[in-house]
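Protein sequence lines correspond, in order, to chains R and H. Counting from 1, one number per residue, gives the positions in the first sequence under the UniProt record's numbering. Counting from 1, one number per residue, gives the positions in the second sequence under the UniProt record's numbering.
Please keep in mind that the hints were generated in silico from the structure rather than gathered at the bench. Be a bit skeptical, because a hint or two may be false.
[Unchecked claim] Subject to a maximum C-alpha distance of 25 Å in a straight line, what follows is the list of computed SDA-like cross-link-like pairs (lysine to any residue):
{"id": "1", "chain 1": "H", "residue 1": "Lys714", "chain 2": "R", "residue 2": "Ile437"}
{"id": "2", "chain 1": "R", "residue 1": "Lys264", "chain 2": "R", "residue 2": "Met250"}
{"id": "3", "chain 1": "R", "residue 1": "Lys264", "chain 2": "H", "residue 2": "Asp525"}
{"id": "4", "chain 1": "R", "residue 1": "Lys270", "chain 2": "H", "residue 2": "Asp540"}
{"id": "5", "chain 1": "R", "residue 1": "Lys267", "chain 2": "H", "residue 2": "Lys677"}
{"id": "6", "chain 1": "R", "residue 1": "Lys273", "chain 2": "H", "residue 2": "Lys683"}
{"id": "7", "chain 1": "H", "residue 1": "Lys384", "chain 2": "H", "residue 2": "Glu349"}
{"id": "8", "chain 1": "H", "residue 1": "Lys569", "chain 2": "R", "residue 2": "Tyr255"}
{"id": "9", "chain 1": "R", "residue 1": "Lys302", "chain 2": "H", "residue 2": "Glu515"}
{"id": "10", "chain 1": "H", "residue 1": "Lys556", "chain 2": "R", "residue 2": "Lys270"}
{"id": "11", "chain 1": "R", "residue 1": "Lys267", "chain 2": "H", "residue 2": "Glu349"}
{"id": "12", "chain 1": "R", "residue 1": "Lys302", "chain 2": "H", "residue 2": "Ser698"}
{"id": "13", "chain 1": "H", "residue 1": "Lys556", "chain 2": "H", "residue 2": "His519"}
{"id": "14", "chain 1": "R", "residue 1": "Lys288", "chain 2": "H", "residue 2": "Lys683"}
{"id": "15", "chain 1": "H", "residue 1": "Lys556", "chain 2": "R", "residue 2": "Thr433"}
{"id": "16", "chain 1": "R", "residue 1": "Lys273", "chain 2": "H", "residue 2": "Lys677"}
{"id": "17", "chain 1": "R", "residue 1": "Lys288", "chain 2": "H", "residue 2": "Asn716"}
{"id": "18", "chain 1": "H", "residue 1": "Lys569", "chain 2": "R", "residue 2": "Lys302"}
{"id": "19", "chain 1": "R", "residue 1": "Lys302", "chain 2": "H", "residue 2": "Asn578"}
{"id": "20", "chain 1": "H", "residue 1": "Lys508", "chain 2": "H", "residue 2": "Thr497"}
{"id": "21", "chain 1": "H", "residue 1": "Lys569", "chain 2": "R", "residue 2": "Gln277"}
{"id": "22", "chain 1": "R", "residue 1": "Lys288", "chain 2": "H", "residue 2": "Lys677"}
{"id": "23", "chain 1": "R", "residue 1": "Lys302", "chain 2": "H", "residue 2": "Gln568"}
{"id": "24", "chain 1": "R", "residue 1": "Lys267", "chain 2": "H", "residue 2": "Glu515"}
{"id": "25", "chain 1": "R", "residue 1": "Lys267", "chain 2": "H", "residue 2": "Gln568"}
Here's the letter readout for the chains.
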Amino acid sequence: MTSTVPYDEFDSPDNNPFAEPPLEHTDTEQPHESNVASTPATTAEQEVVASTQVSPPSASTLAEETSTQPHDNQHENKETNILPERSDNKLHAIIKVLNVERKGALMEKKENPIIIFDITTNVPTFRKTSYKNIKKTYQEFTELFKYLNGSLPECFIPSLPLSYTNYGIQNKEDQVQLLKCFQNWFNRITMDPFVLRNNEFAFFIECDTGSYLPLNKNNISQTTGLKRKTLKQLAPPYDEVMELAEFRPMVKSIYLLVQGIQEKLLKCSKLRKLMVQEENAVGQGFVKLGDLNTSRGSKLYKRFGKILNAIGDVDSIIATMDMGTLYDGLSWIVRDSYVVKETLTDRHLVMRELSQAQQNSKVKQEQARRLRSKRDSNPLKVDDALRSLKQATRTEQELTLKLQKITANMLIEQKEWLEWYESWLITSIKEYTIRRIEYERKKLTLLERVRQDVRKADVKGGLSRLGREMTSSNGQDVSQSIEGDSWTGENRHRTSGEIDFLSHTEFDHTLGLDIQEEANDGSSDEEEKLKLRLIDLNC
Amino acid sequence: MDFDNSLDDALKAPVWDDLNPTPQQQHDKEEEQTPLVGDVPKELSDTFADLSVSNNNYLNPMIDTITSEEQHGIEPQNLSSTWEGHKQNTVAPEEKHKADLINSLAPEEDPFDDLNHRYDPPILSKNHDASTILTADGSLFTKNELNGPFSSISDDGLFSGVPKGVDIKFQPVRKIAKPHILFDSTTILQHAKRVGEITTQRKSQDNQDNNEEMEEDIDPLGENAMDDEFVDEPLEEKKLSDNPNGQSEQEHNILHKVNEPLYVLSPKKGSTVNESEKNALETNTTMEKTHEQVPDQKSKPQIEKEKETEEKEIPLVDFKIEVKDPIKVGELTSMHVEYTIIAESTLIESSYAQVTRRYRDFRWLYRQLQNNHLGKVIPPPPEKQAIRRFSGDFIENRRIQMENMLICIATDTILQNDPDFLLFLTSTNFPYDCKNRENLTGSNASNDSNDLSEIYISPIQLFGSEDGIRIIRNGGIDAEVNKGFMGMSFSSAPKYTEIDTFFIEQGKSIDDLEEQLKHIYTHLDLLETQRNELAIAMDDFVSLMHSLADLNVTEKSSDVLINFEEIQKEIKVSLERNSLQESIIMGASIDNYMRALASVKAIFNQRAKLGYFSLVVEEERNKKRIQGEKLQKTINPQGDNKKLELIKFEYRLLNTRLRIIRNKWNEVGEKIKLEVKKFDKEKINEFRNSIEISLESSIEAQKECIELWETFYKNNL
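Excised from the complex, chain H in its bound form (with noise of 0.2 Å):
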């Protein structure tokens, strides 16, 4: 969130100058006009200005993700601008008591017929794999395929919102997915409300503008000119122009760009934002910009490309990490074993540092990472062991994996930076500093699992911290559906089932990988115990050769029998040296490479996870829609409302929450793809390394019996 003020200008801006050049404006426009107004209006304005306050707190990660949407759509920021829209229509005229009731009516009514109306699209994306829709969005906004339940979200919204303008601008994708009849009367009772509203609540210069934009848009579409959704196509894209050029420059700019967009739609937003970014973010540019460029379907190389380029932007510090001297300590319960842990790098303050850490503290490095980089393979940890803690070889044993897993850590560009790594590099009082971290973070990185594919997603990470630590105190994101009577729940949890085929195909892939990995690591763990067993037969063997010897039947054959025995010996001694190597090298990368695969799952995990979660705020949202629905009809204009406030705020909690857990969902699909790509590669290096070592060693020992047996042979026989 370090680029919130950067952003502000390139964000900001589009998201409050939605229906009208900028919100302050509108605020005063609409007291201006507006010569009725009362304390409600106020009160408006105040939650108005609280919106735009809150703006850098719990608003802010919205921006963030709204941001990294921009080029999926133009919905999120529509959606938020929406919702002051809503606001602003629904609320104020109602309270003000405009001169016109049919207009003042029509947007409050609107909501609720378009929640009528499209009330199945929401469910359609969420029950039907979003195959249908993927096709139809992804083709004329050029989304990538996770857009699919992104859009169907965004529309949801949309028409909760009753954003009108947006509401249109979806008119087409919706012709394509579906009958156009369906939505004739929405789009005509907004067409309709856009007027009024356009009438009522505007400069007439703001009316002739619209009205240009709309002509003008109906040109290059042709054929679709006829339909007045796409009237507000351009609309949006002067909405999302405006806000750098202000608003003298707004009418050449509007047309210059209003006839652009059209032609090439998507990646001309893509480039856009881009831009913008570009100046503005400098840490998290890497994963906006690949996770930008993606929906622009860019080609992939291509993305590749920027990435690395991206990559090179961050220098990779260098890093001297070694894990040593291992000591018991602490007296029986308490007892465990400390490493110490010396540092160098210019990252570190002193630029070095030694530590004592324990393994605990090991693997909440692991879960702190895990949930610092959402979607990033962290490099795992040892496993757990319950017994035989103490003995020299495993202790040796896992301090080597874990100096393997900083040294990991330390030569990713991102992670080394992180400041949750240089604090377990650095801190002096780190079972302090550790909780501190967490409970900040609320990553909850001691409570750790077992199972190093098993997730916690903070909610403070998610959200940001005001919210978060609101979510948290609810008892999570998912309280709603974990509460139920005396711990049971009646309702069912959501399901989340994963509809990109691409996480299907690789969380597959990757259960098979694991299976088969465990698979040769038991064979081989099998194997070794197979060579012991051979080694000991082949010693009874020789001994018995050995007294056959000492019958001394012949000289000549006590001779070869004792020297056969000797090659038998040496031959044994050879088997039992391999079959450790083997054990050690292959056994150890294998290992390794079926705790990062846990991992891997992890992010797939976390995918799922915020899959889920965006299921259940949606849920919650919808029951917090119907909730507000109810009320409103029942509401008394004039009485009191802030219930229907209350509600109204809740929802649009709710609503925020969803779109980042989307945003996120989507954001964490990206990285995963490239994560998955990373870890792919280096993984088969690092394998085939310990295959060409195991390979070359078989072959010195093959060469090595081979030579015994030849010796043997030319002395003896």
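Looking at chain R on its own, in the form it has when it is part of the complex (with noise of 0.2 Å):
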């Protein structure tokens, strides 16, 4: 981060009408920004630029103290000023996930999986323009994602995906969505110049598998432990823009409320666990009543025993799902709420660095007057109070300059990060609503599979009695065919693929159905369609 204090001449935030004290101080520079918007905003050039320009703004604090905020209209240039990363866009990162391996011990398996990735980049720090097949473990991934956590304040560092999901390791639902979700993490990270501008990205991407470790570790500024709680004890220092002073607190109730419903959600799947369990107990009863009736009733009440029992196990998939698609989607919005939490509050804690940096100034600037109006004062002192005042104002110059750009990369990736969370909120939801409706079909499948034994049973009785026909006697009575869905006028043309899917289940066999194909058949075939169904959902 050598490379961010140098830039010591930048202006406020644009969209500043108001005359607070650090404000001022801001604002002083504004002078000097003409130059700089001048400047080419390449990185080689900047540090150039960055040097030379060091001094001038400290020496003129005072004189500039009274200019003012006419500059509005150069808000774009300041940006980029202020963000030089982001006024370069030429630079890019291209990162494909592979796979996902899980190796070694049961736990390492499932916590320490090893993603696979191609990179083609035009990054200046890396070595080459890609790479191919880097396997990188879950645990390096975390280093890095700590390095720049810490090391990039100004930057919500989309946190990783959780290592395993809740379908359990080592299925093919676990691998899509473990592959789906770093593909997104690196889409996120790379969209972020910071990120990719940073020597350890490269320098991750360099290195061998699994001896990552940063190489910087210095750098990382976050005021963390006793401190950290502390200060965020305190009432938050007043902020004066107001999209990231709103924020915080959105976020954090984003974080609290999402926890909460997975909390319920969970408590939801386990509850209907548990409900499986008596669906098969009742189940399993009948199946037993069959058993025990020897007579002509004893097939219908198996069947139907079986037939419940594989709706409490479509239940159960669907309590799975629930937390596969819904909770760990809502789980990363948990974490990454958290780091953007976390990450503005860091942005407090500079902010109040700052007035204390400004006070600090102010208190040395007033003994610097007051040894100036005094006529006998010691020109040892007076030299001493000028170089601490000069000490004071270059800190909180600098601090100034660190805010505004946390300040107004923020502002951006705010706006970066709310849109992935709606999107990714609604991908969740809809990988759920798409899980539910197959498997409420696929139980609508199994319930009207049994229908026709239950009528069989006794053609007189039941439903016939009240005049309702059995639709055909001995053929498909399905309400989900090709044509649609018997019960809804809309259009819903399947493929004859997609009902064969929909009218077969897993438990098909435990049923003792007479199905011609295979179960690996079947299996795979529903593999193949949640593969297509989970890359729609990527698009």
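Combine both chains into one complex, guided by the hints.
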């Protein structure tokens, strides 16, 4: 982060109409911005520019206190000036996640999957432009994340996806979900120019599998531990940027609410599983009833029992799916919103630091003024005072700059994050819905399958007494077909493959039904479908 | 017992005609033959008269059962006759000091000889699983297995009663079941006795007849001709056939009939009885007949067919029954709910009746019907419930259940004609009427235990009013067993063990079924609570979703969340509805099924109780017999034999009772078989219907659920 320090020439946030003390300071730099704005914003040049421009602002601080803010029109420029990284969008890195591997002991498998990906990039910090089959363990990702989160206070570093899903490990769903999440994460990470330019990122990519550890640990500037906790207790400092001022409480609420939702969802899922137990028990009861009955009812009871059982199992799948889709989806939101919230806290801390620095410099200024007004002042003392004043002003300056940068970047990333939040939430709900529909349909299929048996047991009885005829005496009495759903006028054409998919469940073999297709066939088919759907969701 | 009179012709005659043409004739003969007749013979004839008079009273049921038993074998008939014969042979000759002392002594000794010799058979039958005997009896007499214990009883009775003919007739059975030697002496004795009797007591013509029969008998039997026992077989047949034909035609008929039964022994008997009964019986034909025919080893479908046709004879009268308007009546402790029952049917006098009844009355009806129709599954009333008796749901539920019960009763051809049922529907002074009926039938209906399967068998119902009342006065059939010092019984009560595998298996399967249903029921219950809990959890979940939407993070996400919340709510409602439906439909039908099973168990218990009674009575009778035996040995032939008389009378009574019980036991057993079959069929249909309804409703719910999700998906994602 050495490169960030020198940019002291930048302006205060453009949208600031208030004349608060910190702002006055930031305003002082406005005269210079024209120079900076004109300078080319490439990284290499900036280094030079920055170094040359370090001194002038500090020298002219006092003089420029009165300068005004008629520069709103230069908003765009300012932004690029404060965030030179943003002005350059030629840099890119395209990462394609190829696979997820789970190896080793059980815990290792679960907690520490290996992500395999390709990367193509034009970022100069990388030695090559493209890397193939890079393998990184989840552990390494965590290290990288920690480092980035600590060293880039202006960025909302996307939190890592969970290392495992609620589908359980080592199944297709889990694999697909993890792939999808990591792809999403990489996409987000590479969108961030700060991360892209960070040396550590290049280092992370380039180092050997499993060997990555952050190089510049000292750079992590986050306040941690007790101090952080104490500071968080204080009321947040005044924030002139309304968006961000409101953003933190909102994110916090999101964090808490989504956590609550997760909790409830977990409870629902558990209750559903308990319900499944009862459903199964009832089903089992009917099967046993069938065993007891040697007469004509036996087959009916058995079938009915088995179907109830299968429906229970479908319910259990639904419970798992709820967890796998919505719960996991929400848990990423929880983690991410936490990171965002803490990053915003960091900003508050910086603000606090800045206000302290401003106070300090004010005090120093006062001292210097007093000394100056005194006739018999000790020149040594005056020198000292001036020097400390200069020092204080410089710190203040640096902090102001830092804050400006953070604020500007956060304003951008806030929008990005909200977009992500929306899309991710909707994706989760969508996936949840799709899965739900799928399994509810399967339930329907199962129910309709036993219908024939129930009818057959007594042609004259039951609903036929109420005048409800069998729709077909022996054939398929199904409401879901290629033509769509029998109960709705809506056009829902489906391919025969889809129908096939719906009309077969994982439990067909336990039901002892006459299915021509092998169970494997069905399941692989299903996986394909699942993949297709998930890819759909990705888009 | 409506058919008593009509039966008289058919049945009385064979009973009394046993050894001699008719009882009257016999009496006459005896009086004529014995010039020494003094007071005692008169007494004897008096007792005989008594017996014949009492025919209409306590002996009547016996006759009923006898008729039903006739097809199993001739034993019962013989039994009753042997009693007379016995009396005649033992008491009369003794008292009369008939010329031939040996002859007169022989019959006296005989019974006890018999007893000594045959003492083990009854025990055997009691203690062993009668299968060995069963096979023996069954094969020869083509009785159904149920007769196993029966045959042993009748043997028992026979031996004690010393009926010569009967005894001999049973010899073949014995022979198969046991070594022949055992019976040699007795049979010889008996034969001798019989011959003696014949010579002394009968006219020469009769004697000739018998001899003729004997001769003819031997031929068809071939190898067995050597055995004296077989000689009497035709005698029995003759007795049977004699009655309708009368004395004059006897000879021809004998020739004809004697030949017939020997080739196809039991079928013929069954059919003859059937015919006579068909004419005679009207109301109870179904039971009796099916009962009769089973022993004849007709194929089951045939029985069923006959049963069906039989049932058609009793037309099902349309009933319209409604239970409604539950009203809380009374205050505090006497508070109860009264239901209005409206019944319309031609069976009711005014063809319309409206009465109010309370729950207790329904229980009474159940018990009363159970008592009136042994071995019939009675539609059960709802279970008792102590708490929350006045909640609306509960009352409504109970109302439905009671209505179902009445409708079930009304749609049963037999039950719908039951006087108690009609009384229940029409009586305006029910509290009085029901007590009245209860006392009349001894049903003990208001001392109703909670368990629907527990039963009480009224002695009145079993033995007719006179004997029944006597038994009740003595404290019930098993009073002997229960009475002991300070209410403690020293002799252990005999334990009834079911011998028919059908009942054992059925009983077990019913228990299993009940357990399984209970299992399903509890889990359905749990399922419902789980569903409701899930619904509550979903509520929480949804409300949090709502607050998240309220945050208004982005417009779109809020929209989606709100819609998501909506749909979750709808799903929740659907879930709740489904669970309610399931609990109502499935729960109610399983509950109903379980109660019906209790009712089925009740008829099994009835059989078991009858079996138990039979053992009790048998034991008692055996005691009496031993007592009588002792008395017989010690008694001075000329002295006071009143005590012996009394014991003999009691013995006879017990024997009658035993036979009635055994008959009933058997009959109930047969009925149970049919009932169970019918019940299975009905219940499966009923259950299937509720399965279908609940299935259809879940299919609809499922469709609704899919549709909700699809719509949500389409509109929002």
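How the hints compare with the structure:
Between Lys714(H) and Ile437(R) the alpha-carbon distance is near 12 Å, which keeps this suggested pair within the 25 Å criterion. Distance hint between Lys264(R) and Met250(R) is fulfilled; the C-alpha atoms sit about 21 Å from each other, no more than 25 Å. Of the supplied pair hints, the one linking Lys264(R) and Asp525(H) holds, its CA atoms being roughly 24 Å apart against a limit of 25 Å. For the suggested pair Lys270(R) and Asp540(H), the alpha carbons sit about 14 Å apart, so the restraint of at most 25 Å is met.
For the proposed pair Lys267(R) and Lys677(H), the alpha carbon gap of about 48 Å is over 25 Å, so the pair is violated. Restraint check: the Cα-Cα separation between Lys273(R) and Lys683(H) comes to about 32 Å, which exceeds 25 Å; the hinted pair is violated. The suggested pairing of Lys384(H) with Glu349(H) is violated, with an alpha-carbon distance near 32 Å, which exceeds 25 Å. Using a Cα cut-off of 25 Å, the hinted pair Lys569(H) and Tyr255(R) holds, with the two alpha carbons roughly 23 Å apart.
A threshold of 25 Å between alpha carbons decides the hint, and for Lys302(R) with Glu515(H) the separation of about 17 Å falls inside it, so the pair holds. About 30 Å separates the Cα atoms of Lys556(H) and Lys270(R), which puts this hinted pair outside 25 Å; it is violated. Note on Lys267(R) and Glu349(H): the hinted pairing is violated, with a Cα-Cα distance of about 64 Å set against a maximum of 25 Å. Between the alpha carbons of Lys302(R) and Ser698(H) the distance comes to roughly 18 Å, so the proposed pair stays at or under 25 Å and holds.
For the proposed pair Lys556(H) and His519(H), the alpha carbon gap of about 49 Å is over 25 Å, so the pair is violated. For the hint pairing Lys288(R) with Lys683(H), the CA-to-CA distance comes to about 17 Å; that is within 25 Å, so the pair holds. The hinted pair formed by Lys556(H) and Thr433(R) meets the criterion: a straight-line CA distance of about 17 Å does not exceed 25 Å. Between Lys273(R) and Lys677(H) the alpha-carbon distance is near 40 Å, which puts this suggested pair outside the 25 Å criterion.
Of the supplied pair hints, the one linking Lys288(R) and Asn716(H) is violated, its CA atoms being roughly 45 Å apart against a limit of 25 Å. As the CA atoms of Lys569(H) and Lys302(R) are separated by approximately 34 Å, the hinted pair breaks the 25 Å bound. A threshold of 25 Å between alpha carbons decides the hint, and for Lys302(R) with Asn578(H) the separation of about 22 Å falls inside it, so the pair holds. Our distance criterion of 25 Å between C-alpha atoms is met by Lys508(H) and Thr497(H), whose separation comes to about 14 Å.
Using a Cα cut-off of 25 Å, the hinted pair Lys569(H) and Gln277(R) holds, with the two alpha carbons roughly 24 Å apart. The straight-line distance between the Cα atoms of Lys288(R) and Lys677(H) is roughly 20 Å, inside the 25 Å bound, and the hint therefore holds. For the suggested pair Lys302(R) and Gln568(H), the alpha carbons sit about 33 Å apart, so the restraint of at most 25 Å is broken. About 32 Å separates the Cα atoms of Lys267(R) and Glu515(H), which puts this hinted pair outside 25 Å; it is violated.
For the hint linking Lys267(R) to Gln568(H), the alpha-carbon distance of about 15 Å falls within 25 Å, and the restraint holds.
In this structure, the hints that do not hold are numbers 5, 6, 7, 10, 11, 13, 16, 17, 18, 23, 24, in rising order.
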